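Q: Given next are the chains, with one letter for each unit.
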Amino acid sequence: MDKIKEILESGLLECYLMGDCTEEESLRMQQYIHIYPEIKIAYDEYQEAINKMAEENASLPPAHLKSNLLKEINSANPRSSSEHSTNPQMPSGINKLLLALSVLGLLSACWFFWNGKNKLDKLQEKYTILQENCNQSDKNYAAIKKELEIIKAPDTRALWLDGKAFNQNAQLVAYWNPQYEYALLDLKTLPKLKKDQCYQIWADKDGKMISRGTFQLTDDFVKIEYLDNAESLNVTIEPIGGSHEPTIANLVAQGLFT
Amino acid sequence: MLHNESDIIQKVIARDEKSFELLYDEYAPRVYGLVLRMTQRKELSEEIVQEVFLKLWNNIDKYDAQKSKLFTWLYQITRNTTLNRLAAKGEKKNRRVDYTDEFKNDPSVKGNFEAMDIRGVVNKLDQKYVDVLDLVYFKAYTFQEASDTLNVPLGTVKTRVRFALSKLKKYYDFNSQTGLKSIAIILIGMLYHYG
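Listed in order, the protein sequences are those of chains A and B. My numbering applies: residue 1 is where the first sequence begins, and numbers increase by one. My numbering applies: residue 1 is where the second sequence begins, and numbers increase by one.
Same shape as in the complex, but just chain B:
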């Protein structure tokens, strides 16, 4: 989240392009990464990202910070826009879950292909949670579609999504604490060494 994000949002509402650029710079990589995963097509992803941020520009006055964080709002726009684009192309149901070779070898995509795989991020989660989260979060499936695809009851999909999200939150908290602990250990070591 940007420092003084609420001020920036107000300026964007007042049609300030510089502030809009600040929002774009902050959130475009997250949106682009999401859309790449959803569509697995670079050119289409670029079109969708452009559409998402145009929607942000045109509808920022409808955003309510009391209801959600800006990224949550952007994520919902991204998800719906991507779904609509894929539906218009008639591709949604036929999307491949695996990444294409073109996508894998594109140097403009940050990191390596494996790093973008949710299983690489949350490998401590059971596969059943990874699958449902991958479909719902990264592939923009509805809960019902995920239920149909995974052939599990709708209630089970909901429970798994909830569990996966809770686990992810704990995982990221743990990682951030581990990072702090690592820094503390390094600092103590340096003090010991040079002291």
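Isolated chain A (complex conformation):
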């Protein structure tokens, strides 16, 4: 208690309050305030007293003082002005409106961009498909044109195949061109197939039946493999995927080169 009394009567606390202490004295006083509640109470009372005195003697400063001060702050620290104007915690009404409009504009731009990009992507996709279709059509056209050229070529021989010999209602034409080693079938009539069946065409050469391919009934020309010196062409019905040897019992059409 004597220590506290000694400190309070030393005048150091008043000195500290006024800001007149040395650094060492201030540190010492801070420790006292921290350690002794009585000194803390006295210090708080003194703070309250000088504040009350100031309130009693307060005088409104001229308005220009504040504006000058704010200008001074802005000129000394232009960063603060911009920070203030964009402070998200305290935006003015205009700033809020500008912010809202900016966000709206940005969202609209994003929507237009996204929408435009979406449409562009779809158009690009359609264009790609069309281009692929065109390419395919070009190829088909080229193939058909080539087939027609071959069919019309002087060296092409049209071989008629039918099923009279096998009592079958079958008719088809084989276009056979030795120059291009190219062969096509134009299907007219063929017996119906079961689901697990297909047609298979055989070329007879030197007493052997050599497969030239399998096919289904179609309106298009059917390309088959060419074979030199074939003596006849024969069509059989075979299981799906074809057979290594022709099923003679299933012969539906035949045409002879001789």
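Bear in mind the hints are in silico, worked out from the structure with no lab data behind them. Nothing here was measured: the structure is a model prediction, and the numbers come from that model. All C-beta atoms, glycine included, are put in the ideal place defined by N, C-alpha and C. Hints should not be assumed to be uniformly reliable.
[To be verified] If you want the footprint, here are the derived chain B segments under chain A, 3+ residues with CB under 8 Å:
| no. | segment |
| --- | --- |
| 1 | 32 to 40 |
| 2 | 46 to 57 |
| 3 | 150 to 163 |
Add chain B to chain A, keeping to what the hints say.
A: Chain B alone, transformed into the frame defined by chain A:
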């Protein structure tokens, strides 16, 4: 003290001018009143107030709320700034204790001249306490300078300042209690009258 003052201080540290304006609006009248008393010159007081608040703006991050209230910190800045300004003008030792006519008649100064006199505020204190408080608090004299001016020992100045501050605290507490009592009496009277 401002409501949520610590938040405002943090915003000022983050360079928020609006919060700085809040601090200025709250404390500038007290600082200006103090400086007017210290310098007794309006134009110089304005310059000092501007300097004080610029120091607040530039050094607010050094303020420690654990060590003192904001006004105490501001008061110390005000006192030192005023002392330095007066010292630079070579006027400190020659300051007149009385107010000038210009100061007395300035309508921009809040209240009348007498109301700004500490003796008008704490007239219940003895003159010896008023004198020492006036010198140390309002005139920014050091304790030693007050001792020299009043021609009393340094220890006596310290004791008188302490006593004056304690008395002032009690005076303001009494005034605030008296104010509450007055309001209570008026309310009771109204209830009695209209009841």
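Q: Evaluate each hint against the coordinates.
A: Here's how the hints hold up against the structure:
no. : hint       : result
1   : 32 to 40   : holds (count 5)
2   : 46 to 57   : holds (count 6)
3   : 150 to 163 : holds (count 7)
Checked against the numbered hints given earlier, the structure satisfies every one of them.
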